[in-house]
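Q: Sequence:
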Amino acid sequence: MKELYETITQALVTDGYVVIENALDTDLAKELLNFAINKTNYKQAGISIDSKLDQNKRKDKIHWLYEDNSIQSKFLEFSKSLQTYLNKELYLGLSYYESHFALYDNGDFYEKHLDAFKNSKNRVVTTVFYLNDDWKKEDGGELIIYDKYDKYLTKVTPKLNTLVVFMSEEFPHEVLKSNKKRYSIAGWFRVDKKEL
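As numbered in the numbering used here, residues 1 to 196 make up the sequence shown, in order.
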């Protein structure tokens, strides 16, 4: 794991983002996919700090991750270790990590946006972990990342065990229309105080 943390840290310093295929244990990714598929209580995702619903901008559904001594906890354990490493190496002052499963049904998308809320210092580092086995080009649902000047940087296929990490305030991004069910875990390392 240390090598993975070093790769992420160095990329955040030099480029501000990184895309890593085969990032974690493949069995963990598959177990997370099975967990996500079997969840039935996804809620329509909102936009902005007040979670306002707007299906013209965002159509995915979410289910928040919690410590539960199951597969969710295994993923959150990785996140906690990464948080510790980033704080030690980059002095980011990250206070906690929040994350949710994201389900994109056929036709769902998320228009270009920043993960850090306007006029609010909160989300500092974004993570996206993809859970889709056997994803093909025609399935769509790619993540497009832009730089702070709105220049295209890269397109990420949402295939199983691919991890994307980037600085939340610096990289606008969008999810193109998905042509079949698409699963991921989106998360944010934050510096504000966690609400209980």
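Since the hints were derived computationally from the structure, they do not count as laboratory data. All figures in this text were calculated on a predicted structure; none of them were measured in a lab. Be careful, since some hints might not be right.
Said to hold, decoys possible - The following label-pair restraints were derived from C-beta to C-beta distances:
#: 1; residue 1: Y66; residue 2: K180; range: 24 to 30 Å
#: 2; residue 1: L4; residue 2: T154; range: 16 to 22 Å
#: 3; residue 1: E195; residue 2: L28; range: 27 to 33 Å
#: 4; residue 1: D54; residue 2: E21; range: 30 to 36 Å
#: 5; residue 1: N87; residue 2: K137; range: 18 to 24 Å
#: 6; residue 1: Q10; residue 2: K151; range: 20 to 26 Å
#: 7; residue 1: L28; residue 2: K118; range: 33 to 39 Å
#: 8; residue 1: N179; residue 2: K118; range: 28 to 34 Å
#: 9; residue 1: E170; residue 2: S81; range: 20 to 26 Å
To be verified - Simulated crosslink set (EDC-like; lysine to aspartate or glutamate; CA at most 20 Å straight-line):
#: 10; residue 1: K112; residue 2: E21
#: 11; residue 1: K2; residue 2: E21
#: 12; residue 1: K112; residue 2: E142
#: 13; residue 1: K180; residue 2: D150
#: 14; residue 1: K74; residue 2: D54
The beta carbon of each residue, even a glycine, is placed where N, CA and C say it ideally should be.
Q: Each hint needs a verdict: does it hold in this structure or not?
A: Against the structure, the hints come out as follows:
1. Checked against the given bound of 24 to 30 Å, the beta carbons of Y66 and K180, roughly 27 Å apart, stay inside it.
2. Distance hint check: the CB atoms of L4 and T154 are about 19 Å apart, consistent with the given range 16 to 22 Å.
3. Taking the beta carbon of each, E195 and L28 are about 28 Å apart, inside 27 to 33 Å as hinted.
4. Range check, D54 to E21: about 32 Å between beta-carbon atoms, so the 30 to 36 Å window is met.
5. For the pair N87 and K137, the supplied restraint of 18 to 24 Å is violated, since their beta-carbon distance comes to about 38 Å.
6. Hint check: Q10 to K151, Cβ distance near 22 Å, so the stated range 20 to 26 Å holds.
7. For L28 and K118, the Cβ-Cβ distance of about 35 Å falls inside the hinted range of 33 to 39 Å, so the restraint holds.
8. Under the hint 28 to 34 Å, the C-beta atoms of N179 and K118, about 32 Å apart, fit the expected range.
9. Our hint of 20 to 26 Å for E170 and S81 holds, since their Cβ atoms are close to 24 Å apart.
10. Annotation: proposed proximity of K112 to E21 is violated, straight-line Cα distance about 23 Å (limit 20 Å).
11. For the given pair, K2 sits about 16 Å from E21 by alpha-carbon distance, which is consistent with the 20 Å threshold.
12. A threshold of 20 Å between alpha carbons decides the hint, and for K112 with E142 the separation of about 12 Å falls inside it, so the pair holds.
13. For the hint linking K180 to D150, the alpha-carbon distance of about 28 Å lies beyond 20 Å, and the restraint is violated.
14. Restraint check for K74 and D54: the C-alpha separation of about 33 Å exceeds 20 Å, so the hint is violated.
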